[in-house]
Amino acid sequence: MWMVLLAAALAQDAGSNLEPVESARAASPDLETVIPLGGNAPAVHRIRGVGHGSGATLSGAWVIGETGGTGLFSVGGRYREGRYATSVSIPLVIWDGSEGRTVSFGNLQADAFMAVSGSNWLGHIGVEFFTNIGERTYTWLNRPDDAWPGSGVLAVWEMQIDLPVTVLVRTALGVQGARGFDPFPRAFPRAELALGLDRTLVGPLGFYAEAAGAWWDPSPLELSSGFRVDLVEGLRLSTTAVLPIGVWAGLSPAFTESPGVSEFTWWVRLSAAR
Amino acid sequence: MRIVAFLILLSGCTELTITDNDRAYIAPLAGQSGLPLEGSLMVRTGGERLPTDLGLPSLIAVADAEGSPVSGSLTVDRDALLFTPDQPWESDATYTWSLVQPAQQGHTLQIRLPEHLLGTATFTTSQTLRPLAASFDEVTRETCIVFSRSFTFDDRELILLSVDGSRLDDAVIRLTPEQDWLLPYPLLPGDLGVDILCTDPDVLTGPNVQLEVQRGTEPPWTLEVTDQPIGDVITTLRRGNY
Numbered sequence: 215m216w217m218v219l220l221a222a223a224l225a226q227d228a229g230s231n232l233e234p235v236e237s238a239r240a241a242s243p244d245l246e247t248v249i250p251l252g253g254n255a256p257a258v259h260r261i262r263g264v265g266h267g268s269g270a271t272l273s274g275a276w277v278i279g280e281t282g283g284t285g286l287f288s289v290g291g292r293y294r295e296g297r298y299a300t301s302v303s304i305p306l307v308i309w310d311g312s313e314g315r316t317v318s319f320g321n322l323q324a325d326a327f328m329a330v331s332g333s334n335w336l337g338h339i340g341v342e343f344f345t346n347i348g349e350r351t352y353t354w355l356n357r358p359d360d361a362w363p364g365s366g367v368l369a370v371w372e373m374q375i376d377l378p379v380t381v382l383v384r385t386a387l388g389v390q391g392a393r394g395f396d397p398f399p400r401a402f403p404r405a406e407l408a409l410g411l412d413r414t415l416v417g418p419l420g421f422y423a424e425a426a427g428a429w430w431d432p433s434p435l436e437l438s439s440g441f442r443v444d445l446v447e448g449l450r451l452s453t454t455a456v457l458p459i460g461v462w463a464g465l466s467p468a469f470t471e472s473p474g475v476s477e478f479t480w481w482v483r484l485s486a487a488r
Numbered sequence: 037m038r039i040v041a042f043l044i045l046l047s048g049c050t051e052l053t054i055t056d057n058d059r060a061y062i063a064p065l066a067g068q069s070g071l072p073l074e075g076s077l078m079v080r081t082g083g084e085r086l087p088t089d090l091g092l093p094s095l096i097a098v099a100d101a102e103g104s105p106v107s108g109s110l111t112v113d114r115d116a117l118l119f120t121p122d123q124p125w126e127s128d129a130t131y132t133w134s135l136v137q138p139a140q141q142g143h144t145l146q147i148r149l150p151e152h153l154l155g156t157a158t159f160t161t162s163q164t165l166r167p168l169a170a171s172f173d174e175v176t177r178e179t180c181i182v183f184s185r186s187f188t189f190d191d192r193e194l195i196l197l198s199v200d201g202s203r204l205d206d207a208v209i210r211l212t213p214e215q216d217w218l219l220p221y222p223l224l225p226g227d228l229g230v231d232i233l234c235t236d237p238d239v240l241t242g243p244n245v246q247l248e249v250q251r252g253t254e255p256p257w258t259l260e261v262t263d264q265p266i267g268d269v270i271t272t273l274r275r276g277n278y
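From first to last, the protein sequence lines stand for chains A and B. Mapping of the first sequence onto the numbering used here: residues 215 to 488, in sequence order. Mapping of the second sequence onto the numbering used here: residues 37 to 278, in sequence order.
Treat the hints with caution; some may be incorrect.
Claimed, not checked - Distance windows between CB atoms, simulated:
hint, chain 1, residue 1, chain 2, residue 2, range
1, B, Ala101, A, Ala463, 48 to 56 Å
2, A, Ile459, B, Gly155, 37 to 45 Å
3, B, Ser107, A, Ser472, 36 to 44 Å
4, A, Trp480, B, Pro222, 45 to 53 Å
5, A, Ser472, B, Glu174, 45 to 53 Å
6, B, Gln146, A, Phe421, 44 to 52 Å
What the hints assert, rightly or not - So, partial list: chain A residues that the calculated Cβ filter (under 8 Å) puts toward chain B:
hint, residue
7, Trp276
8, Val277
9, Thr281
10, Gly282
11, Gly283
12, Thr284
13, Phe287
14, Tyr352
15, Thr353
16, Trp354
17, Arg393
18, Gly394
19, Asp396
20, Pro397
21, Thr470
The hints are simulated quantities; they were obtained by calculation from the structure and are not laboratory data. For glycine and all other residues, C-beta sits at the position ideal for the given N, C-alpha and C.
This is chain B alone, in the form it adopts within the complex:
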């Protein structure tokens, strides 16, 4: 069933249609860092109900940095699939995980996972803060950057932005409240998600530039500024395939 809701957005009073597809997402988000060592992986299927008493097939496959499979258990909570590793995640380790559509044949339950969630995403337990994506919104004229984890108290003061080697010293950056991400993404306890920094309008005049993001004296990250609202960027990252 297609669930439609309308949100009146403060920025532009845009009407947003939320579909079951929008309610299907992964957590941690693709590229996220700082996942708790005792954390679980979650896939929200967006309305596709799955039985809780079925020995589910390997819908979620997890591998460590060397490609070795990570064993764990898969449980169902309404439309959420939860993968919990048998052992806590290693610290400062990177993992890949995939949502796999099981083969459908014969007299069995039919599991139809959202196609846009099928694929592989990565996450890390390290506390490294890195920019995952940057976008320029043609409507608000803001440039926003998605970071790989939620900010600590010091992070915001340490972030420096540059374009083509020129420091954007006059860029006033601010943490964007979660409600400005357009869609709510309920997360598991302990998963603090990511944070977004946005500049004042017209710090950049458009997309398609190389933005350098540096945290203090750490090596800078360079990323291409795309031309889409930041909510769309988050949606893309929440769908994996990163």
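Isolated chain A, as found in the complex:
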């Protein structure tokens, strides 16, 4: 899917009639010097966002509700050199099982991206890796790779178009290996498609939202939205509510019975980027 979208975007790049928006991210023969990659870029939940600058992120998330109880705290760092960027984050997972509370590292996340652009869009293409560095984290928040022990890789393509609102797109395709304990399969393919938007409301305050579908995934359909505020230049605080409507509708392969409207996930992120 992402290959198709990438091809379509590149074709659009070649023959677009759209006028470039007033953005430094407009088309340029020299992407590295014209596109201001850096700072805190628009991002939602599944959509990581294109063009973040070097920096660090602290985040916390909690699954709240009748089927909740899982929390994840993460610290990560990013490094950008021109159109190339890489990041690593380490999560600590806290969850309450039937044998009490467990605290352990989850899956180390790493990625590497290369920025690409067209006449009216900015994107990046790359890979996301993850591998388990803890133990016993037989739980998850919303994604199959956030806590459940396993390893995998995703090929990712994301883009954004600066219209009156910033439109965001993410596609990903990959494979994941787990340990074969229910409800996770031992190995499975993964595909993601997410559409989002981001708009600055007033001053440093902005709003964003996302609709995402994924399979195999414990949360196959999600709606997410939240607010962001730039505390000072380069320091962004954001809070996101993830509504797992696929879980609510009984579409999740990770629940043997539909739990109904039983949970949502609340994220808080503090991101520093230059």
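Dock chain B against the given chain A, drawing on the hints supplied.
Coordinates of chain B only, in the frame set by chain A:
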């Protein structure tokens, strides 16, 4: 996954289908005696894999004769759950143990234990030999008795059978080899399992009689003879709920 295997049985050349359910059993068998004081309890889940690095919930609950819980550790070896008490079992003591299905809710591992193993069974560390069940096989015409532990050298000579007060002096009884129990049940080291005695054909003419089993001068045990192959009897006892 359903694993199918065919065993050609010497008695009747019957085809037997072994399923994952058949590979799920408990050891010691329900009612077993003579468990070693350092022995562990085992539940084979029949293919359900469990993580070895999880602080497992209390899937196995053990209590002594007074109903007081027995503390111990639970470990996993492939599809086997092993309960080892913190202290050795008391000698000449009877215990009950239960396999408990944990509640399934939320973002957690799903543990689905075989339903037919859920329940309570007993075992004892005493060396008492008692009959657990007797059956009459309509095909072989044999009457077989499952005893609560493996036989010692003297046990076989001391066993006496009676029906309605009449001694079956002409009943030739023989120890049945394990391969005649139809299904293999690998046991833990030190667990010698149980033994089965079978009579010659037609010592009894049918099931549903009261069989008296006596070991030497010990008080006799009375049990109802059922109408099923002895392998099925063993399977039932290996599934607990006794």
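Checklist entry - For which of the previously enumerated hints does the structure constitute a violation, in increasing order of number? => result 6, 7, 13
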